[in-house]
Structures are given as structure tokens and as C-alpha cells.
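Novice: Now for the letters of each chain:
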Amino acid sequence: MTATPEERQLLKCNFKRVHDVFDGRMADARKHLSAEGILAYIEGANAINRTGRGEEPVLVYLEEMPQVAMRLGEDVIEEVVSFTRTLAKSPNSKAIPNFLQSLGAAARALANRELFSEYLNLVVQTAIRTSPKVHGIDSMYTSPCLPDFLDSVPHLLTLLSLGGIKKWVDYGTLAYPNDPDKQQEYFQLKTADSRAVVQRERHGTLFADSERKLDLYLRGLWQEDAQYVPYSLAFDEIRKPIPYLNEQGLHLPDVYDDLPNGVRGIDRYRALLAHLSAHRRWTTQLIADNLSPFQRMAVEVFEDARVEHLAMQEFPGIRSLWCKIHPKPIENVEQIEGMSYIRHRLAILSRALLDPAHNYKNLVIQKYVALFAELMAKGATGTIDIQLLGVKFIAETKVASDSAGKIYFEDTEIDYRDDNRMMWVFIEEGDEETYDERPSPPAESEDEFKVPPRMYPEWDYNAEHYRPDWVSLYEHMHPKSNPAHIDKLLEKHSALAKRLKKIIDLLKPQNKVRIRYQEEGAELDLDVAVRSLIDFKSGAQPDIRINMSHRHDGRSVAISLLLDLSASLSDIPEGCTQSKLELSQEAVSLLAWAVDQMGDPLAIGGFHSDTRHNVRYWHFKGYKEPWGDEVKSRLAGMEANFSTRMGAAIRHAGHYLAHQQVDKKLLLVLTDGEPADIDTSDAQLLIEDARIAVRELDQENIYTYCINLDPRADEYVADIFGKNYAVIDNIARLPERLPQLFMSLVK
Amino acid sequence: MSDTFDIKQYQIKQEPFYQAQDNEVTLYEAAYAARLPIMLKGPTGCGKSRFVEHMAWKLRKPLITVACNEDMTASDLVGRYLLDANGTRWLDGPLTLAARYGAICYLDEIVEARQDTTVVIHPLTDHRRSLPLDKKGELVSAHPDFQLVISYNPGYQNLMKDLKQSTKQRFAGLEFEYAKPEVEIGIVSKETGVDSEISAKLVKIGGTARNLKGHGLDEGISTRLLVYAATLIQQGITPRDACRMALVRPITDDADIRDTLDHAIDAVFAE
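First to last, the sequence lines map onto chains X and G. Start counting the first sequence at 447; every next residue gets the next number (this note's numbering). Start counting the second sequence at 7; every next residue gets the next number (this note's numbering).
Don't read these hints as lab results, they were simulated from the structure. Positions of the beta carbon are idealized from the N, C-alpha and C atoms, including for glycine. There's no promise every hint is true.
[Claimed, not checked] Across the chosen pairs, the derived CB separations fall in these ranges:
1. G/L88 / X/R962: 21 to 29 Å
2. X/A968 / G/R66: 41 to 49 Å
3. G/D201 / X/A819: 24 to 32 Å
4. G/I243 / X/I776: 34 to 42 Å
5. G/D90 / X/H996: 27 to 35 Å
6. X/Q759 / G/N29: 26 to 34 Å
7. X/E969 / G/S147: 29 to 37 Å
8. X/D1175 / G/N75: 56 to 64 Å
9. X/P773 / G/E203: 31 to 39 Å
10. G/I243 / X/N558: 39 to 47 Å
Could you build all of it, start to finish, from the sequences and the hints given here?
Specialist: Written out as C-alpha cells, the structure reads:
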């Protein structure tokens, strides 16, 4: 069916290539659109032509629109056309073909007018937010990222909901406001964090969320333990990886969507684990060199069926799960010349072996199912017994077309099965398949970091989410110096120490708590005794639990002191003769001495940061470590350097504190300035991150308190610590104030 | 206490079903012959109490059982003076009763009792075989038939609640485990009358949960719960519902474990 002359007249477009394809396009349009729809369709083409952006937009429009209109209603044509015209007037007119190209995928995935309108809105928002801004004016510049974004949309829509895409865009626009090149890579899905955000927003059952369940599954049903190595399906389109088993562990997809027939993602994982566990339990290796590739395929099918058969002896219920996931190939497909149907044939065999209600009429299939059943009925089979069956099957069914280059794949992928690589040994070198996908990492050199870094997330207040694994924190023991230095400091403050000692004695736990209502106890509890006597005299049954006893009650507090060791600490504040570092040293020594007197566990740590890639956490004292020369020598060696990335350090100190077995946990942060780092230009970012870190600890029942030496601290310290802070204006008095503050906190 | 106290009420009239797992019956008989105190260790619901009942029946001795708890005092065991209108009167506690009249006294979950309570059993459990009643000023020497049996579950109590060495070292011990699958299948069938195919499946599910002990479960599914599930199945409940109700819901609040066990039930009981 070609375009009528009237229609051709209506199309006011002089591009030859548009006229060339017009017949075909109209034929397609007539299938999907009404008469008015067709008119609107041609009008739209004219309107897009008039925007003067060449033939490409018109061609794409003609191609995509009928499908879109069919799915979303014909009035969507007008919406799209007017949107395109707006786009044409903006600096982003270059993105028009990309935009029109994305519509088909958007319509398919969203299938809803309102969502589609929201999608158009998202395109506008993305354009605005990724345009470079000069003096706050943004409507003059082209967004370099918009075409990339529009190109990524079809792929993203297969993975994410529209909401997920929005969050992905949010992250991209906020994470790289001053780095257009990086941002562009982000929208091309090339950077690691771009992929990570996609992964986080994905629908379906994420492996990371279900790892514990799968662990329990393996342990409970199979008494096995496994190393999981998840791989991503989202970015490997050409060659979809399939699960496999090797020395490193079980390699499995990082996400499974629910299947249309109602199998949940978690059950798909379980089906896979059941299959792999069955292999691990019952499969032994065969020598691959003796068999042709087809023979190996057939042997694999029989072996899969064998281990599944054995597994189903133990867990009959798995059959229904496997049957739901296993494809049901149609028996009599129309065979095309030059196409190989070997996979199809084997898939039918596999289905027939698994599903007793298979209904396949093919006599050979039936014969082999019977042979298989006979073999399994004998019991005590091994992989070696199955080999013969596979070889025979290929010999009996082989046809010339099997070796054809094109292979029929429909309904032959059994996605809960692995690739059986553990089943084969290759003796002859040279023609084995290589499985190492990545070159092994170079042997680790002996570098200065002994402990591997801990990764911590960081809160991005703009995007309102965590940047996953953003900060690398390295922990070290602090280098030592002369412990006598600390003793000297303590001596200097001996008068203060005496005063503190008095307070400490008052604070020490009183140790006795009364337990009342005891039948037998240390003393008579007079109140209760009198009441009982009254009961007795009045003829009622008296309570005989009239004694009381005492219980020792110790205080149960653990304290972590976190010192900010950033470079500013070596400043000498106005009116002082000592640097803040020296004053801190004195204060911390006094505090450590005081806490030691009280007998509470205390840890001292310090931190500074040199960008997010290197946050250093220095250990001065551990909770169980006694207050002695070791600790003193580390304190004496205290040094100031770099910047203050507080959130990660707070999280790390909290991590240790959370593991203390005490009733009350206190984290004291001693700092002299706001959180800042050289790789972060937004001052608010690290303040907000620290605030969230404090809130996280609060949820773990850790009380965080800040002692701030910065006279300007009022501007931010309350944002981070709420009411839990003290600003020390007269820094010279820090050694005195710090232990006092501590004691008032734990009183 | 009047002399007309009838110890016969503690006699076990009908044979309680007990399936021996090993030679524990012989061992117990030998220990009883020497009147050695016995300690039964093992996870909850594996048949400790049933074993004692069975042995009491077999030896034709009365059995006095005390379930221990942390509010229990020494006088709850040995007895106390009660007030009445005319003054006071003494009432023997279960331990005194057993010692006086020659019963087997079974202290169930002994570690739940406070440690100052458990020491009152000490004089009864060594060569003295006597029980001083301080308040009454009487020394009860144990009846020749008297024997003390305690049970405890070393698994789930915490550190604070372990038995003292001075208590532990007065007993001969028998360790119980959940029965082997073949034996347990027999037990579930015998107790409830379900066919052995269903019992085998129930035992399989029980095994699954026992594999998860220490990984989020404090204790596996006990034989007792398996019997409950079989009882529900006997009443016409579908196996899947019965297992969810009797085996899974009671033992865990952890959603992941519940989900895994639910899946195990589906995998074992195919529709």
C-alpha cells in the first residue's frame, strides 16, 4: 500500500529521502492510526520539517510516531510535535533526532499518557540542569549531555522505572556540576558511579539484598557454604554472561527480575543455587577431549537432568519451580534452510527429562527419556554413566544442518542452569576455552598501608542520598615519640589533677542497689514487713517476701575520643603561647588519666583527610589498652596535617564503639573547625554528611558530643551535633575544661 | 505434714512412649541401681523429660517434677512454714517429699533457678544423702528409692546461667541430641499416626532448620514441634500450612530465616 497523491501533496517537504520512504511509512501508519490520526501525523511531519533542522528529524519522526500514537492515543502526536518545536527554538535543537528516537522506547516502557508527559518533563529538566550557567543565565548555552542522556534512555528504561531514571539524572546533575566532561561520561553510562546508581535504582531482586537469604538457603537445604561472585547483566549486552561455578565460587547475576509467570526473583536465585549445589554434590569431571562439541552439549543436558533428578528425590517441590523457569520449546517449529536446530532439539530433550507431563510426541525424545528413567531407576549413577547416553543421542539425531552457522535460539535458554564448565577437563593444551575474563591483578606490592581501606558512604544533601563507598579510610597506629613528654604535661597540671581526683571519687559508681520483695535477704524491709503483718492480723494471707538484699551496680560506659588532627591544629591562637595541638595534647592526656582513674574503657583516635581517597584514622589508645607508656608515647607524637573530613571518621569511630558491650556509649569529638576537604568546594556538603553520620550513630544508641575550639563554631556546630556540643572560647583553658565536660556528661 | 501423704499419686500409670536412641536406658538403670544423681543435657524438645517419665515408669517409682524458674527460692524446693489461724504449719517442698517418700525428683531446666537455690541439693547428691531443713530443725535422710535427676540445655542459656562446677560435679551425665533421621521418623509416626512418608518429610524440614543453628537460629526445630506439625496434619490441615504454623512461626521472627524455611517446606512437600 502506497501513499495516495493527496497525502503526498499534504506532505510539504522537499527532501528526497523523506519522499522515498513515505510510502512505507504511510502503510505502517494506516495499520495503527485513524483517518484523523493520519492527518495529524502528516501535519506533524510538516511542522517538524519547518523547524529547519534537516531531513533527519523528519525521518525519525515518521518512523517512530505511529507506534507511539498507537500505544498512547493519537493526541500524543500534537504533544510531541509542539514539544519538538519548543526544543527547536532552544539552544538544544541538535538533540531533536535523539529525542524523537527515544520516543518509541519510552512509549513501549511507560505505556501511559501521564507517565509519558512526565518523561517529556524530565527531558526539559535534564536539558536545563545540564546546561552550563554563566552569571546565572542558562538559557543561552547548549547542554552537552542531553543527546547522551536521550541515547541512554531506551537502555535505561529496560532497567529502571521512570522514577529510577529521575534519580539517576538527579545524581548526574548534582554530582558533576563543574565538570562537564565527567558529566557527559556519566550520562553515557561510562563511569562507575553512573552504573552504580543504575544498579541501586534497579527493579527486581538485587543479589545484595538477598545474600543472607541465599546463604541460609544453601546452609539449610544443602549444608553448603559458598563464595558468591555476582556479575552484572546490565552492561554486557553482546554476550550475556551465564552463571558458572569455578574455584572462586558461584558466579551469579546481581539482579533477577520477577518472571511474567509469577516466579519471584528470590526463587530464581534459589532455583539456580539448587542446580549448582546439585552439581557440586553429584557431578564428577569428564575428559572433554574425547567428545565433539555437540556430544558435549548432549552430555551436559543429560548430566543436568541427572543431578536435578537426584535433587528432586530429596526436595520434590523444586520440580515445580524448575518447570516454571525452564522454557517450553514448541515441538514442531517451522524449519528454515541453513539454520541449525541442535539447541532447540536439546532444549526439548531437557524439558522432557525434567517435566513428566511434557507431551512431546517425538519418538527419539521419548525413547531417551525412557532410557534415562531406566538408568536413574537403577540408582547409584555417576556422570560417567550419562556420557554414553549423550553420545548415543547425538549419533541418533544428528542431521547435516546441525553444523550450520546460524543457530535457532528461541526458547532454548535455561537461565537457572550454569555453563557446566566444572564438568570438563581438557587434557590437550591449546584448544581449550579460556575462562579467565580479566587479567589477574598485579601482585600487591608492599606499600605503606597494611590494613585494607574501609569504604564509607557519604551523604549528598543535594541529591538526598548516599554516595556509595565514597570515602576510603585507612587506619594506622600513630607513630611514637617520647612518653616522658606526656608525664611532664601531667605534672604541669598536677594541681588540676588533684581537683579532678576529688570529683572522680564522687563520681565513682556507688555500687549498691536495693532489691526488694525477697523471701530471703540481707535485711528486713520494714515497709513490706508492716504491710504483711497488717494482712496477717486482718486474716488475709500475708506476703512473706518481706526481706530485701543488695546488688552491686557498676557503671557501664565506653568512651571514644576522636581528635581532629587537621593542619589548622598547629596554629597558635591569639593570646596563647601554645599551639592548639599542644593544648589538645595536654587536655587529652588529662582526660585519659581521669577516665583511667574512673575505670571506664576509653579509646582515643585521631583523623585527618587528604581528599576522599585518603582519610587517615590514627589509633592512640584502644578500649582495653591500659594508660601507660605505649599510649603516652603515641600521644606525645601527635601531629597535625591535611583537612577535616569528619563524617567518615565519625562513622569509623562509631563502628568500633558499637561493638563495645556496655550500656552507654559516648563519642567525644574534639575539633577546631568545620568539616572541609580540598576536593569539596561546597562547604555545606561535609557538614551535612557529618550531621547524618551523627544521626546514624544516634540510631545505634551512641551519644555523640562535640567539643569545639573554633570561636566561629556556632555557625555550623549545632547543625551537626544538635544540642550536644560545647564551644571553648578560651582555648588556653582546654586542659581544664575537657575532663570537666566529660565528667558532667557521665555524671 | 501428716503421715497419710499418698506418694502413689506421683506414680506413672501408663507407659510413656520413648524410643531409645542409644544405650541410655541401660545406663540409666545402672545409675539408678547405685542411686547416682543424673544430669540430662540436650537441646529443647529432644525427649529429656519424656525419657525420665519413661524410666520412672519402667522402674515403677513415683516421679516428682519441678520446673525451675528464676523466682524460685530454696524454700520452694525444701518447704516452708505457712501461717494459719492458730500459728504456723510446715509444708514439705517437692524435693523434701521426694527424699522422704522415695521418689525420683526431676528438676527441669535447673540453670533457670538462681545459684543460691541450687546449692540446697548438694547434701542430697553426695554420700550424705540427707536434706537438712534449717528452719524446721530437721535432718531428712533420703529414702533408699530416692534419686535426683536434673536437666539442662547447655545451648541457649547465657554465660551467667551456667551451672557451677561444684554442682556439675555431683552428677553422672547423659547427653541427648535430636534423634537420627531414621529414629526420628519412627518417633513422629508412632506419636501421631502419620504415615512414615510424611514423617520423613517433616524430619527433612527439621534437619534444614538444624543446619541453620548458629546462623540466626538459636535452636533447630525440635522433635516436639515435628510431632505438633504431624498432629495438625492428622487433623486434616495441609502439610504446608501445618509446617508453617507448627515448625516455622514459633521458632523465628527473622524474616530471612522464615522465608528460607517456608521455601524448604515447599521444596520438600511438592504440590
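Novice: All the hints need checking, so say for each whether the structure fits it.
Specialist: Okay, the hints, checked on the actual structure:
no. : hint                        : in the structure
1   : G/L88 / X/R962: 21 to 29 Å  : 22 Å, holds
2   : X/A968 / G/R66: 41 to 49 Å  : 45 Å, holds
3   : G/D201 / X/A819: 24 to 32 Å : 25 Å, holds
4   : G/I243 / X/I776: 34 to 42 Å : 41 Å, holds
5   : G/D90 / X/H996: 27 to 35 Å  : 33 Å, holds
6   : X/Q759 / G/N29: 26 to 34 Å  : 33 Å, holds
7   : X/E969 / G/S147: 29 to 37 Å : 34 Å, holds
8   : X/D1175 / G/N75: 56 to 64 Å : 58 Å, holds
9   : X/P773 / G/E203: 31 to 39 Å : 32 Å, holds
10  : G/I243 / X/N558: 39 to 47 Å : 44 Å, holds
Comparing the model with each earlier hint shows no violations; every hint is respected.
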